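**Student:** Listed below are the residues making up each chain.
There are 10 protein chains.
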Amino acid sequence: MEPPNASVLEVFENQHPHRDYTIEIVCPEFTSVCPKTGQPDFGTLTIAYTPDVMCVELKSLKLYLQAFRNEGIFYEHVTNRILDELVALLSPRSMRVTAAFTPRGGISTTVTAVHEIAR
Amino acid sequence: MEPPNASVLEVFENQHPHRDYTIEIVCPEFTSVCPKTGQPDFGTLTIAYTPDVMCVELKSLKLYLQAFRNEGIFYEHVTNRILDELVALLSPRSMRVTAAFTPRGGISTTVTAVHEIAR
Amino acid sequence: MEPPNASVLEVFENQHPHRDYTIEIVCPEFTSVCPKTGQPDFGTLTIAYTPDVMCVELKSLKLYLQAFRNEGIFYEHVTNRILDELVALLSPRSMRVTAAFTPRGGISTTVTAVHEIAR
Amino acid sequence: MEPPNASVLEVFENQHPHRDYTIEIVCPEFTSVCPKTGQPDFGTLTIAYTPDVMCVELKSLKLYLQAFRNEGIFYEHVTNRILDELVALLSPRSMRVTAAFTPRGGISTTVTAVHEIAR
Amino acid sequence: MEPPNASVLEVFENQHPHRDYTIEIVCPEFTSVCPKTGQPDFGTLTIAYTPDVMCVELKSLKLYLQAFRNEGIFYEHVTNRILDELVALLSPRSMRVTAAFTPRGGISTTVTAVHEIAR
Amino acid sequence: MEPPNASVLEVFENQHPHRDYTIEIVCPEFTSVCPKTGQPDFGTLTIAYTPDVMCVELKSLKLYLQAFRNEGIFYEHVTNRILDELVALLSPRSMRVTAAFTPRGGISTTVTAVHEIAR
Amino acid sequence: MEPPNASVLEVFENQHPHRDYTIEIVCPEFTSVCPKTGQPDFGTLTIAYTPDVMCVELKSLKLYLQAFRNEGIFYEHVTNRILDELVALLSPRSMRVTAAFTPRGGISTTVTAVHEIAR
Amino acid sequence: MEPPNASVLEVFENQHPHRDYTIEIVCPEFTSVCPKTGQPDFGTLTIAYTPDVMCVELKSLKLYLQAFRNEGIFYEHVTNRILDELVALLSPRSMRVTAAFTPRGGISTTVTAVHEIAR
Amino acid sequence: MEPPNASVLEVFENQHPHRDYTIEIVCPEFTSVCPKTGQPDFGTLTIAYTPDVMCVELKSLKLYLQAFRNEGIFYEHVTNRILDELVALLSPRSMRVTAAFTPRGGISTTVTAVHEIAR
Amino acid sequence: MEPPNASVLEVFENQHPHRDYTIEIVCPEFTSVCPKTGQPDFGTLTIAYTPDVMCVELKSLKLYLQAFRNEGIFYEHVTNRILDELVALLSPRSMRVTAAFTPRGGISTTVTAVHEIAR
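Those sequence lines, one after another, are chains B, V, G, H, F, C, L, W, D and Y.
Going by our numbering, the first sequence opens with residue 1, and the numbers climb by one from there.
Going by our numbering, the second sequence opens with residue 1, and the numbers climb by one from there.
Going by our numbering, the third sequence opens with residue 1, and the numbers climb by one from there.
Going by our numbering, the fourth sequence opens with residue 1, and the numbers climb by one from there.
Going by our numbering, the fifth sequence opens with residue 1, and the numbers climb by one from there.
Going by our numbering, the sixth sequence opens with residue 1, and the numbers climb by one from there.
Going by our numbering, the seventh sequence opens with residue 1, and the numbers climb by one from there.
Going by our numbering, the eighth sequence opens with residue 1, and the numbers climb by one from there.
Going by our numbering, the ninth sequence opens with residue 1, and the numbers climb by one from there.
Going by our numbering, the tenth sequence opens with residue 1, and the numbers climb by one from there.
Treat the hints with care, since some could be wrong.
[What the hints assert, rightly or not] Partner residues are not named here, just some residues of chain G that face chain F (Cβ under 8 Å, in silico):
no., residue
1, Glu29
2, Thr31
3, Pro40
4, Phe42
5, Gln66
6, Arg69
7, Thr102
Note that these hints are calculated values from the structure, not bench results.
Since this is a predicted model, take the numbers as computed values, not measurements.
Ideal placement from N, C-alpha and C gives every residue a C-beta, glycine not left out.
Sequences are here, hints too, so could you generate the full structure?
**Tutor:** Structure follows, in structure tokens:
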């Protein structure tokens, strides 16, 4: 499997740019690998954004997220990386990425990062 | 079955225009068709509004929503279209339409659009 | 059974008028009749208010609400009527009435009306 | 859309016929049409069976169930019809079909039919 | 409103008498009146049966159950009465009626009665 | 308050003795006192029985149960005592009493006692 | 049992007065008596406060709340009385008392009172 | 802290030996230590039994279970050991011990052991 | 990553062979790959067994299950394969494997296979 | 076991300091000892923070929290102590610590403390 690559993401034109509206996408089947232990991590990824000119196409987003399956990456980094790559692609009016990972050693972790455009 | 047509919608006069109040209508049985794959989509549609002079009659609303049953339409578009057509009909003080679709490929999507009148 | 009549409502003096506090009353057993179809409607009625000089006595409120049992009345109207009659009785500092009706034809409706005194 | 037709169903050979095991398939997105009122019905269809020589292929099952979308058929009949057609196809050791429909007029209905082979 | 009368019930012929199958009907909007206090009672009525030659038509069942709205009748009696009247109508292979009433004075009551034909 | 006394219990004649049916009564507001510590205990009491000739009247049952409010009595004993006193009163075909007490010191206890008549 | 008396309450010194923090105490086993009917009332009492110089000791608070067991007192009054007595004892930076009582006659009531110091 | 020792357990005489009844004790705060990793384990321990001549006193049971806090012991062994020690103490008519441990490495484990006397 | 191989599984001796007891292991983080589409599948795997002479060591079981991560395998086959390999390893008195997969195309599937030794 | 000591905590550099984002860590397996009674306390600890230059390493945090296992410490103090020690370690942009303890004597307590840097 190829490593995750934002170039697989496809966009389509926002047909309703005159209005601020939100698109929330929930993926409860996100999995990556802990770079320290080599053990798989599992979590629910939630992406919510207000589109400007472009929206992300859902099937390409699914393939992009699936490519993290064998990627060694820390919780904090994967959340910020996905936010960075989607912001670079879409230039959304705002975007929030939340990754809620299942417990390891009795401790569960959720990372939330937000992009707001300066007004 | 006829394609969805806002002309089936009926209204009745708001008897309490002196007060801002909200009417929230939840339809967990919304279904349309994906224009790309031809597969049916299923979701819960929630319409909440503060009426001005007119309210939408519920039985006609049900028939209007049922007519999307065999309509090929994207998530983002159906949400904005229903908001646009109800705003054109009712000129409400405010209205919010949320469409929460069931998972496809392990990913579920919710679109929320809001109309506020300028004050 | 007599039609609903606000004159059955009894009040008692608020013993703590020096402080704004809220009383929330939930009645999940509200029922009235649809004036169009003659079919019974069922819902949960929630009344929350900040008393000023008077509080409503709960047993008389129960009898007042029960009297809607055979009354033909629309969702929007019953919510506003109960708010109007309780505001006229109590002159509360604020009051909110919410009526959440069970599904009819796959669609459920909740009406919320708020009274705030001008300050 | 074509009416539902069992000939779209595909099978594959059971690789573990030496053991009784069960396959439970849940489709919460089943919809058909009431033949009396023309209104859509919605329900959750659950099919559980112990295969003998053949298993039903899941994608063809999905297409078979989707074809009821515009079919006028009563609750009791659709449950028994699906059971009959799958039994004719698979000759399973046992099979149960349950169809749990959403409320209409405040009443919800669940039909359960079971096929057991005589021993 | 007329008192409850089993003569409003309609039947249709069971199309699948060769097979034992069950029909479960849940009515969470059952209401009657306590004959002692005159206060309304509320409950969820569940009827489950295996038809023999006849099935009960759902809309007529709804009207039959609605007619208990202003009937003064005890918990134990209403459950057995509905079972008796449906058994007399349908001669089912088996039938169970459960009535789960909401709390009164901090106590809630559920009555369950079963009819089995001797074999 | 008087100590609990089965003589406050009232009965009424079972109108359906030709049929075995069950009456389940749930009281989530049972409270008594620990005889060792003097601290209040709280629990949910569930009484389920198949009546023979007599049923227990619900309001008198409520008063009987309320009288345990200031009674010092152990979990195991109160469950068996209520079963004994109701069996002596009603001679039911069968009866089960369950008392589920809330946690004390991180431990919660449920006692279940059953009376079956020899056949 | 003695009537409720704030003099049983004990305090201890707040070790972290440099910081605003909140202590929330939930007692789902609160019971008192309706002064009108003599029937017991049951509810969940929630006390949340930001301490200033003093905190309330939990065991003494438990004993104070238990003493309402046989006290005849209305919902609105008990909520405000507990708030008044705890504010007098602790002079907290802020305090909120919520009493959520179980249903009586199909109606449940929650009273919430807040104390904020003027700044 | 002393290691767990069944000698701290106290018993009292069963006052109702003429009847089979069950006592279920749930302790959601059980903790021990993994003998392999030295890491703490957490679980819910459920003990259900039908007493014969003796019942276990609850406070002594709590102290017995707390003593496992720093004990290195495997899941399978602790469940069987507690069952063995309680059976030796009480000679119950039957007893079941269930230990449901929280997830480690994404995997959670529940062990259930039952003692039945030969009849 | 190596393909799944039962040779990584380790066992330890059952210390309580005189008693039938059950060990239930739940892994909500099972993932494999659909051999037809190449898309990842996700499910909850539950293994319950009564050991005879040997128990499976949990950490080695985790590694064994993780190795299915990139394995192309059908639902029905993976369930039976895991059962076969664990039965070959442990010769348990009984074992049940359940694999509950998340929805694909609106349909979710659960496969359950049981091994019982002949007596 | 050693007493809790912040020196076991390890940090790593925040790779995304250009953005405010939050890391929430939930530990439902926190346990300490009541200094008054010597009895164990159990709770869920939640730590949420916005990192500045440093993040706390999760495995070292787990070991730090585990060391409270045999520490005698009050609810209010442990919450503030953990906040103080993590703030000293990380100098986060903001941090909130919540400790929700299980019921003792029918009363459960939650303490929440927040650190905000002056701006």
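**Student:** Hint by hint, say whether it matches the structure.
**Tutor:** Results for each hint:
1. Glu29: Holds: closest Cβ of chain F sits about 5 Å from G/Glu29, inside 8 Å.
2. Thr31: At 6 Å from the nearest chain F Cβ, G/Thr31 passes the 8 Å test, so the hint holds.
3. Pro40: Status holds, d = 6 Å.
4. Phe42: 5 Å, holds
5. Gln66: This interface hint holds because 6 Å falls under the 8 Å limit.
6. Arg69: Interface hint status for G/Arg69: holds (7 Å vs cutoff 8 Å).
7. Thr102: 7 Å, holds
Hint compliance for this structure: every hint is met.
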